[in-house]
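**Student:** On the provided structure of chain A, position chain E as indicated by the hints.
In case you want the letters, here they are:
Number of protein chains: 2
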Amino acid sequence: MAETIIPKATAKRLPLYYRYLNFLANSGTTKISSTELSEAVKVDSATIRRDFSYFGALGKRGYGYDVMDLIKFFKKILNQDRLTNVALVGVGNLGHALLNYNFRQANNIRISAAFDVDPKIAGTIQSGVPVYPMDELIEQLRVQQIEIVILTVPTDAAQAITNDLVVAGIKGIMNFTPLRISVPSYVRVQNVDLATELQTLIYFLQHYGPTLKETELDDDL
Amino acid sequence: MAETIIPKATAKRLPLYYRYLNFLANSGTTKISSTELSEAVKVDSATIRRDFSYFGALGKRGYGYDVMDLIKFFKKILNQDRLTNVALVGVGNLGHALLNYNFRQANNIRISAAFDVDPKIAGTIQSGVPVYPMDELIEQLRVQQIEIVILTVPTDAAQAITNDLVVAGIKGIMNFTPLRISVPSYVRVQNVDLATELQTLIYFLQHYGPTLKETELDDDL
Numbered sequence: 001m002a003e004t005i006i007p008k009a010t011a012k013r014l015p016l017y018y019r020y021l022n023f024l025a026n027s028g029t030t031k032i033s034s035t036e037l038s039e040a041v042k043v044d045s046a047t048i049r050r051d052f053s054y055f056g057a058l059g060k061r062g063y064g065y066d067v068m069d070l071i072k073f074f075k076k077i078l079n080q081d082r083l084t085n086v087a088l089v090g091v092g093n094l095g096h097a098l099l100n101y102n103f104r105q106a107n108n109i110r111i112s113a114a115f116d117v118d119p120k121i122a123g124t125i126q127s128g129v130p131v132y133p134m135d136e137l138i139e140q141l142r143v144q145q146i147e148i149v150i151l152t153v154p155t156d157a158a159q160a161i162t163n164d165l166v167v168a169g170i171k172g173i174m175n176f177t178p179l180r181i182s183v184p185s186y187v188r189v190q191n192v193d194l195a196t197e198l199q200t201l202i203y204f205l206q207h208y209g210p211t212l213k214e215t216e217l218d219d220d221l
Numbered sequence: 001m002a003e004t005i006i007p008k009a010t011a012k013r014l015p016l017y018y019r020y021l022n023f024l025a026n027s028g029t030t031k032i033s034s035t036e037l038s039e040a041v042k043v044d045s046a047t048i049r050r051d052f053s054y055f056g057a058l059g060k061r062g063y064g065y066d067v068m069d070l071i072k073f074f075k076k077i078l079n080q081d082r083l084t085n086v087a088l089v090g091v092g093n094l095g096h097a098l099l100n101y102n103f104r105q106a107n108n109i110r111i112s113a114a115f116d117v118d119p120k121i122a123g124t125i126q127s128g129v130p131v132y133p134m135d136e137l138i139e140q141l142r143v144q145q146i147e148i149v150i151l152t153v154p155t156d157a158a159q160a161i162t163n164d165l166v167v168a169g170i171k172g173i174m175n176f177t178p179l180r181i182s183v184p185s186y187v188r189v190q191n192v193d194l195a196t197e198l199q200t201l202i203y204f205l206q207h208y209g210p211t212l213k214e215t216e217l218d219d220d221l
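Same order as they appear, the protein sequences are chains A and E. Taking the UniProt record's numbering, the leading residue of the first sequence gets 1, the next gets one more, and so forth. Taking the UniProt record's numbering, the leading residue of the second sequence gets 1, the next gets one more, and so forth.
Quick caveat, the hints were computed from the structure, so don't treat them as lab data. Watch out, some of these pointers could steer you wrong.
[Claimed, not checked] Here chain A is said to cover these stretches of chain E; the calculated rule only asks that three of the stretch's residues, wherever they fall, bring their Cβ under 8 Å from a Cβ of chain A:
id, region
1, 145-154
2, 160-170
[As the list claims (entries may be wrong)] In silico contact screen, one side only, chain E against chain A (beta carbon under 8 Å); selected entries:
id, residue
3, A11
4, V41
5, K72
6, F74
7, N100
8, Q190
9, T200
10, L201
11, I202
12, F204
13, L205
[Stated by the list, open to error] In silico DSSO-like links for lysine-lysine, alpha-carbon gap of 27 Å or less:
id, chain 1, residue 1, chain 2, residue 2
14, A, K12, E, K31
15, E, K12, A, K8
16, A, K12, A, K72
17, E, K31, E, K75
18, E, K75, A, K12
19, E, K75, A, K42
Yeah, the Cβ is synthetic: ideal placement off N, Cα and C, and Gly gets one too.
Excised from the complex, chain A in its bound form (with noise of 0.2 Å):
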């Protein structure tokens, strides 16, 4: 199948597309417009019109958006259809937090295993969730073929566990700590620095005042 590379700003709206228009789908809405879709994901028509047009044809002029056809579209996109299971390393204070975050609701996405070198939590079971060792990581991950790890492990942990996810096959990191982690080019790394998200909200205040439209925000330079 032949796939568009569409931008990493369109990529992320896509999971929210898709959890509002099951929203719409479960209160009995058929149809919507773009205008109507921009007023719910606060996100501007024209970048909705933008976003929909990589995947081509999806709407008709005039006549606006079939809910269910939209559904059914990003459900396969996102692949809705599968349960990606993925681990977490690192059960302190915020991985307890991501244990119990809802990561299901809207996305098909489970934690189905989690590590930590504590021996009074490895070996338990925290929110449903087997935690293991530290010592039986990448044979658990390679057991059970899991591909994408959380990592919430303290910063000066963060790089040698890292070889050791590297080792153990996986492929992708959703990086917590404020270490830039060394992968090698196939490991996709995405950092999520809640100081830095902090840090640049209060930056944007001090600088520039009010909100700019998300358009403005993400798909500048």
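**Tutor:** Leaving out everything else, chain E in the frame of chain A:
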């Protein structure tokens, strides 16, 4: 003071540069080339040079950058010389984790007040932060002159609480709920949707495979 409008992608990288420059200074490094900085922060050196160019001539050709000069400059730009107090609303699992999260380490930010509906937690001090009941939200935010809030409440309470935050004079909201909240145009919202971040990582892995360079990810469109 005249302000240069810089792209959001650049603004997001400033705290990262600042943090690494502090690492470097602490380890005794006095000057650095954009290539060396690039290696450390995993941002290509052309992007670093372009980011720095928004702020005028920060380095000398063939010499590189003076680490202390850069730190002094970014400290001012990022308002690191003054503490920014923020409030956290919703002390559930994620809220608790954020109270323990070290926002202050490289960024001069402190959560100085928290709010929760639960009478068991309201009126206590959690991780050094006083937790007030929700009916004191507006008053305490005003008295403490807090302008930035981290929102970690259940989705179905998010909009009503946001309305109160607006009444209290809040200027910026870091929104961890999956809801796209409605605010007046003078309030800035930074959405941090963890499920979407994870979904985006999975999407890119399944559709494109390995990591693209940071510039390709953030700056296209």
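**Student:** Checked against the structure, which of the hints given earlier come out wrong?
**Tutor:** 2, 5, 6, 14, 18 and 19
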